[in-house]
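Peer 1: Following the hints, put chain B in place on chain A, whose structure we already have.
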Amino acid sequence: MSATPTVYIVDDDDAVRDAMGLLLETADVPHHGFNSAESFLEAWNGSQRGCLVLDVRMPGMDGARLQKALNDAECHLPIIFLTGHGDVPMAVEAMRHGALDFLRKPVAEQDLLELINNAFALESTQFVAGETARRLQGKLDSLTDREHEVFTHVAQGMSNKVIAAELDISERTVEVHRSQVMKKLDAASLADLVRIHVESESA
Amino acid sequence: MTAQEHPSQQFDRELAGDGTDVDQYYRLETLLKNLPGMAYRCLNLPHWPMDFVSDGCFDLCGYHRHEIESQQVLWGDFTHPDMIGEVDRKVRDAAENGEPFEVEYRIIHRSGQEKWVWERGRVVDRRDDGVAVLEGLITDITDRKQAETALVRAEAFSRAVLQSAVEAVITVDAQGAIESCNESACRMFRYALADMRGKHSRLLFETGDYRDFEALFSSIRGSESTSAKTAELRGCAIDGHSFPLHLSIDDIADPVLDHTEQKFVLIIRDLSHQRAAEKEVRKHRELLAHADRLNTLGEMAVGIAHEINQPLTAISMYAQSGVRILKHSNPDLEKLSGALDKLSRQALRAGAIIEHMQQLTRRRESKLETVDCSAMIDEVKRLAEVEAQLRNITVALRVDKLLPCVHCDPIQIQQVLLNLLRNGMEAMHQRGKVVDDKIVLRAQHETDTVRFSILDSGTGISDDLAQQLYKPFSSTKESGMGLGLSISRSIIEAHGGQLGFANNSNGGATFFFTLPVAGDELK
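These protein sequence lines map, in sequence, to chains A and B. Each residue of the first sequence is one higher than the one before, starting from 1 at the first, in my numbering. Each residue of the second sequence is one higher than the one before, starting from 204 at the first, in my numbering.
Simulated from the structure, these hints should not be mistaken for laboratory data. Given the structure is predicted, the values throughout are model-derived calculations rather than measurements. Wrong hints could be hidden among the right ones.
As the list claims (entries may be wrong) - Simulated pairs of lysine-lysine, BS3-like, Cα-Cα distance not exceeding 27 Å:
no. : chain 1 : residue 1 : chain 2 : residue 2
1   : B       : K636      : A       : K68
2   : A       : K68       : B       : K641
3   : B       : K570      : B       : K482
4   : B       : K432      : B       : K402
Said to hold, decoys possible - Far from chain B by the CB rule (all over 12 Å, computed), these chain A residues:
no. : residue
5   : A3
6   : F34
7   : N71
8   : D141
9   : M158
10  : A165
For each residue, glycine too, the CB sits at the ideal point set by N, CA and C.
Looking at chain A on its own, in the form it has when it is part of the complex (with noise of 0.2 Å):
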C-alpha cells in the first residue's frame, strides 16, 4: 500500500465492497477493499494514509472491536462507520471512542463523497501536524544532555550568567552550547527558540 490517501472499505458483503469500489473509482477516490476485519488488521503496517469504511456488524471481529484495535495499534486513521437499521446504540459507542461519523445503510452519495473529503481533510492535517511534531522531536533528539540543560532555561528566559551559575559553568561555555542548540534546532532567534520550546511541551 502507498502513502496516496485511500479509503480502506472494510465490509464482509462483497456486493457492498465492490458497488461501493465502483462508485468510488467514478469519483477518482483511491480505495481498496477488505472482507474482514481481521484482513485489514494483518495488512496495517503503520504508513497508510486516507481513511477507513467500516462496517458495524461481520462476523468474527466486528466494527467497534476493530476501532479498538486500531487505537492500540496507534492507528489514528478517521473512521467512517456504515450502520444498519437498529444500529443506532453501537454507532453512538463508536462516536464516543472517536469515530469521524456514520452512515446508515443504503448510502447517499453525496453523504459518502463529502465525509471521505472531511475524512481525507482531517487525516492530512492530522498528518501534517504529526509530521512537524515527529520534526521537531527529531531535532530536540539531537541536543546533547547538556545542550537541552541550556536550551531550557534561554527558552524559560534565563541570562547566561545566571545559567552558568546554575549549571556551574563557565559563561563562555553556555554560549558556545547556545549557539549549537540554535543551530540544531534551526532558530534564528530567541523567538525561535521560545516558540520551539512552547511546541514541544504541548506536544
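Peer 2: Below, chain B alone, put in the same frame as chain A:
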C-alpha cells in the same frame, strides 16, 4: 294278597305264577329302571294319587317309590302351584276325550329345587265310579329348558347389542347379498329395513370404490385365515349421500353349517365425524403454526432488515456509479453495463430474501409433499443465518450425502427447524460469547426415516426447564410467545414423528426428530 298289595308285587306275582314269563318280567323291570324319568299309574283325582311309580321317581322328585305308592305324598304336591291349574285342565280335557296328553311344567324337588318336567300319558282304564286311570311317563327336561332359556337370552342380548350398536352390522351370503342388518345400517344408508334385504352389498359403496370392496370380499371368501379384513372406503346412501367409512369384513364361523353355506358379516363405521374432527384439529394447528411463523418473523425483523439492506445499499451505489459514469465526458459504457448487471443481480438477491420471508407468512393448508432434504435444509440455513450473523454464530451443516426425499409439508418442517435453530442460538447467547461459536444442523439417513438434529452449545436443558418445555405460553425468552416448541411438537407428531431432546456431554442440548422417507414414487 294283602289289602295294600303293591301293583308291582301283584305284577310280580302274576308273572311268577306263570313261570314261563319270568324272563320277560325282568326285562320289563330293567327297562323301567333305566327309563330317563318315571313311569306311573294314577287316578285322575285331585293331586293324582299314584299306585305305581318306577324307581326313577327318586331322581325326579326326591321321594322314594314306597312313599309315593303309599300315597303319603301326592304328585300334585310337587307340582308347582303356578302351573298345577294348567296341568290339571290339560289332563282333564284329554281324559274326557280319551286322548293322550303331553304337558311341560315345573315341579318342586324334595330339596326345594325347581325342575322342569315333560309328561306324556293317557287314560288306560276307568274305575266303576268313572274315575279315569292314567298311565304315563314323566321326564326331567330341566337341562333342555335351561339351554333354551340361555339361548333365548343370548339371542335377546345379541339383538340388543346389534340394535344399539353405532356401527352398521350387515350379514351377507356367499354371493354378497344382504340377509339381515341392524337399525344403524338402515340409518347409515337411509334404507328401509325391507329394502335392505336381498340387495347386493356392493350397492352400499360409491361406484369408484366398489371394486375395492369386491376385491376385499373375494379375498376373504377365498382365504382360510380367521382374521377380519378391513378397509377405508366411501359409502353411498340410497339418496346418493356419500361419506367416508371404515369397513371390517369377516367370515361368520358357523360350527353347524358346512362350507356350502358360508356367510359373512360386514361391520361399518361412519367416519364423517372423525374426519371432520381431524380436519378441525388440522385447521387449528395450521392457524397456530401460521401465528408462530409471523411471530418468528417479528422477532427476526432486525436481522431481516439488515439482510435486505445489504443488496439495497449495493444497488443504490451501483446506480449512483452509473449516473457518474454517464456524466463523464467520455462515458465508459462497458463499465456502465457491468454496473447495471451487478445492480440487477442485487435486486434479485433482495427479492429472493423477501420471497423466503413471504413463504413463511403465507397462510396455507398443510400439504404433504415429496421433499428434497438438501434443498430444504439449505433454505433453512439461509433463514437461520439472518439471525446467526447478528449473534456472531456460524450455522454448520452435517448432512449425509445422497439423502433420500422425505414425505412432509416443507414450510412446516422449515418452521420447526428454524424454531429449533433459533432456540439453540438463544441458549448460546444466554451462555455468553465464545469465539467461533457454531450451531450444527445434522441430517442422517436411517432405514425408513431421515433424522434431523440440532446441536447447540448453549446452557443445556435443566430438569426444571424440561418439565415445561413443551407447554404453550411458557418461554425463557423475553420476547417469545412460548409457542414455538409446542407447535413444533404438534407439527412433528402430525407427520408421524416424535420431537425429542437430550443434553450434550460437553454442554448444550440436542433436539431431534425423524421424518418418513418418501415412498417409491421418487428416488
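Peer 1: Each of the hints needs a verdict: does it hold here or not?
Peer 2: Hint-by-hint comparison with the structure:
Restraint check for K636 (chain B) and K68 (chain A): the C-alpha separation of about 18 Å stays at or below 27 Å, so the hint holds. Annotation: proposed proximity of K68 (chain A) to K641 (chain B) holds, straight-line Cα distance about 25 Å (limit 27 Å). Taking the CA atoms of K570 (chain B) and K482 (chain B), the gap is about 13 Å. The hint holds against a cut of 27 Å. Taken as a hint, the K432 (chain B) and K402 (chain B) pair is honoured in the structure, with Cα atoms around 22 Å apart against an allowance of 27 Å.
The Cβ of A3 (chain A) lies farther than 12 Å from every Cβ of chain B, with a closest approach of about 26 Å, so its non-interface assignment holds. No beta-carbon of chain B is positioned within 12 Å of the beta-carbon of F34 (chain A); the least distance is around 17 Å. Residue-level check passed: N71 (chain A) sits 21 Å from the nearest beta carbon of chain B, beyond 12 Å. For D141 (chain A), the condition that its CB be more than 12 Å from all CB atoms of chain B holds, with the nearest at approximately 42 Å.
Against chain B, the non-interface label of M158 (chain A) holds: every CB pair exceeds 12 Å, the least being about 59 Å. With 12 Å as the threshold on Cβ separation, the claim that A165 (chain A) sits away from chain B holds: the shortest Cβ distance comes to roughly 65 Å.
In terms of the numbered hints stated before, the structure departs from none.
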